[in-house]
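Enquirer: Residue strings, one per chain:
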Amino acid sequence: MNFVAVEQIQKSFGQQTVLDRVSLQLKKGEFATLLGQSGCGKSTLLRAIAGLVDVDGGRIFIDGREITHEEPRKRKVGMVFQSYALFPNMTVEENIAFGLKMKKDRDAESKVRRMIELVHLNGKEKAYPHQLSGGQQQRVALARSLVVEPKVLLLDEPLGALDAKIRHNLQNELKRIQRELMMTTVFVTHDREEAMRLSDTVHIMHEGRIVQSGAPQDVYASPRNAFVAEFIGNYNVMSAEQFARMAGGEVPSASQVAIRPEVICMEPSEAEPQPPGDAWSFRGKVCDITMMGNVLRYEVTTDGPNLLVDQLHRNQAMLPPGTPVRLSVARSELILYP
Amino acid sequence: MKRRMGMHHFITGIMLVYLLLPLLATLLFALASKWSVTLLPESFTLRWFAELFQDKRFFLAMGRTVLIIVLSVALGIAVMVPTVFIVSVYFPRSERFLQAVAMLPFGIPPVVAAVGLLRMYAGGPLPLAGTPWILIFTYFVATLPFMYQGIRNSLRTVNAIELVHAAELLGANKWTAFRKVVLPGIAPGILVAVLLSVAMLFGEFALANLLVGGRFETLQIYLYQKINKSGHLGSAIVVTYYLLIVLITWALLKTGKSGHLSRR
Amino acid sequence: MKKSNHRRQYPLLLMLPFVLLVAGFELGPLLAMIKGSFLSDDGGRVTLEQYVTVFQSKYYVQGIRNSVMISLFSAGISIVVALFAAYSITRYSGKTRDRLLMIANMTSNFEGIPLSFSYIILLGNNGLFTMLFARWGWDVLAGFNLYSWTGLVLVYVYFQIPLAMLLVYPAFYGIQKEWREAASLLGATSFHFWRHIGVPVLLPSAAGTFSILFANAMGAYATAYALVGSNYNLISLQIASLVASDVALRPNLGSALGVLLASIMIATMLLNERLLRQWRRDLR
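Chains as they are written, first to last, in our numbering: chain E, 21 to 358; chain P, 2 to 265; chain V, 22 to 305.
Keep in mind the hints are simulated off the structure, nothing from the lab. Owing to the predicted nature of the structure, the values given are computational and were not obtained by experimental measurement. Please note: incorrect hints may appear among the correct ones.
To be clear about the criterion: a stretch of chain V counts as covered by chain P if any three or more of its residues have a C-beta under 8 Å from a C-beta of chain P, and this derived list gives those stretches [to be verified]: (1) 36-42; (2) 50-59; (3) 86-100; (4) 109-120; (5) 170-181; (6) 257-265.
Straight-line Cα separation of at most 27 Å, DSSO-like style, residue types lysine-lysine; simulated pairs [what the hints assert, rightly or not]: (7) E:144 <-> V:198; (8) E:96 <-> E:185; (9) V:198 <-> E:96; (10) E:146 <-> V:198.
Every residue, glycine too, gets a C-beta built ideally from N, C-alpha and C.
Please construct the entire structure, taking both the sequences and the accompanying hints into account.
Expert: Printed below as a string of structure tokens:
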């Protein structure tokens, strides 16, 4: 049974279609991410679920109930904004308690205290938003949305305004809290690493449509089309002709080929190559190398297009630009698009 | 949100009626030959305006007002432009003090100012009260906030201090730098300050009445005298005066738009 | 260094006119007024008798009370109306909004003698509306006297509303859209939002504007003079008649009243600040 169901949502702003018959399902407790570039419609879809944007067509259900045209405040949905949106005239405590106050909840005090513990903000109860750091403010925003026990939690690029280290910590915090509360969550981001770290399911959006949905590892390993391949990783995407020029053979029934940089075996061509059976094998020359910490990323010229080749940074020496190399790719690792 | 706009239209509508009604009524009154108990004037005429523009006293009052305003504003520019510039460049730490002194007139009601001014200048060694001079100097003080704000903001906008330093590095002295580089840049800001001051001074009655009274009849004093005589004539004067203000404000808005960088 | 001292003398000299004018026509008169308030009528002795006279006189105390009441009421009404009107203006897009602001700007300049005059011809004893309504049998204006307390408040409100609108409307842009959205998702209606978040955030601007309106009304002279002349007891009119009329002049008493007027304005401003910090503890 789907806890959240979005059916054929349609939304246009003037002449521009922003959401084109989008459908989406979430199970209870699932962490789903809407991943895409700016303008793909992911924020609009999120806001449609929240009720902050009216849809032109389609239906939205939460926990079996249709909420398509309901006011935001009746939907039992929580939302965390990129700009935190904390009420500046209230303390941390008062911000968190606000939703409970609206419900006239008698248990407010203890609930607020528990929530402050959960997000690790002890000691900051009486502080005002302008006295807190970005990471702290975002935790208050999270606490504020969660304390009213919403059915669904929506997050609109919540970590976008924070710097890398804090973002990393908060990502972990977020995941921990979501697991602990079993909160059904929809997360919007343009950062693919973030999406893959946090989600149970990733939905890739492009020009108002969902182009692929699935578990992160599945979407990464099996991108459905060239667009997803180029978006989800550093795939080498080329036409069939380019592949033929490079590897010296035809690929049956495909117009495009995608190859992950980490599945390409590369060795300096002086060494006698032992390519694995059933593999495409061809030569090239190292043209550039980027040291990315634990990964060495080579750019290699071939008889076809330039290839990106990733190798784990073990004790081997880095191959300098100009080194002739032998490359091989197992047939099973080629992704073919008709 | 669309349903809410209805309420906003309603509020805006009422406000517009409330604010524009007296203006409209005065205009109609100035154009009416007779209007006592009907919704609209019984008949229209231009004779009140004709009477006004044939009244020698009107032109004299207008002339005096214009003269005073020109002299006060000219004095304001002549004194404040160098002063604000000098403080910004040579005595930046005294800027706060200058600001306090310049903004103070906003907080002093004209009657309060008149008390002290009459004490000092009614009789005694410097009997300026009753002459136009006291009015010119007092008006200078009254427009200080506009002059100071306008000039200071302009200097900031054009980064006057950096410009002067750059010019000096290229061999100019401060005076040349000021004249050739800074002055043209702050001209729009000065114009805005001038227009604001002029609009304010045209409407100024309290100081004129208390400090010089009938001995130097300005436009507002003339208006006050005429009110009691005839409602229609008074309306004509009010309409003329107000058209003048509207013109000045319109010029202000135009200058404001072109004098600054485009705003979002 | 010698060089910079010499360099500084020239500019200092250029500032002399400014110094003289400010001393002679801004600061000097203020000091003269304060000094005069502590002198006896003949200027001979230093004394508090002017202030004593004011506070012992029913007449002057009433004048102070009238001024304060009228200023409080007109400022209060104006700020409330202006808040609603300013909010409505911010809901319009660029061009319409600019035109509305322009109208507000222009009507805020319509004050003093011309304004009172307009109201006299509309609502005075022989005013247009007065006669019109009487003819139509509408009683609403029957008991209305323009030349009274209520009339003064009405006229003051007319020019205070546009002024307040111009001062207060920028504050609405400080209210973030996300706050409304977050509040709405947390269960707040529009009313709750304004009550708990919107109004508190607007409060500093509104309070500051109220101060300005109050001070403006307390010091208003031209509007009152044209409307009621000497027939109504207002502190600004009293001061004027004590220092500049043709009747018996008592400039030192006028000085005392002037000092009191300025003091009331300053006290209100300080009180305002204090109350604001109570309400918005986050601003401390």
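Enquirer: All hints, please: hold or fail.
Expert: To see whether the hints hold, each was checked on the structure:
Coverage of the region 36-42 of chain V by chain P holds in this model, with 4 residues showing a Cβ closer than 8 Å to a Cβ of that chain against a need of three. Given as covered by chain P, the region 50-59 of chain V passes the check, having 6 residues with a CB less than 8 Å from a CB of that chain where 3 are the minimum. With a threshold of 8 Å between beta carbons, the proposed coverage of the region 86-100 of chain V by chain P is violated, since 0 of its residues qualify and at least three are required. Only when three residues or more bring their CB closer than 8 Å to a CB of chain P does the claim for the region 109-120 of chain V stand; here the count is 4, and the claim holds.
Counting residues of the region 170-181 of chain V whose C-beta lies closer than 8 Å to any C-beta of chain P gives 1; at least three are required, and the coverage claim is violated. Check on the region 257-265 of chain V: 5 of its residues sit with their Cβ under 8 Å from a Cβ of chain P, so the three-residue criterion for coverage holds. A C-alpha spacing of about 26 Å is found between residue 144 (chain E) and residue 198 (chain V), which places the hinted pair at or below 27 Å, so the restraint holds. In summary, the hint linking residue 96 (chain E) to residue 185 (chain E) is not supported, as the alpha carbons are separated by about 32 Å, beyond the 27 Å threshold.
A threshold of 27 Å between alpha carbons decides the hint, and for residue 198 (chain V) with residue 96 (chain E) the separation of about 20 Å falls inside it, so the pair holds. At roughly 25 Å between alpha-carbon atoms, residue 146 (chain E) and residue 198 (chain V) fall within 27 Å of each other, so this suggested pair holds.
Going down the numbered hints, you'll see the structure goes against 3, 5, 8, while the others check out.
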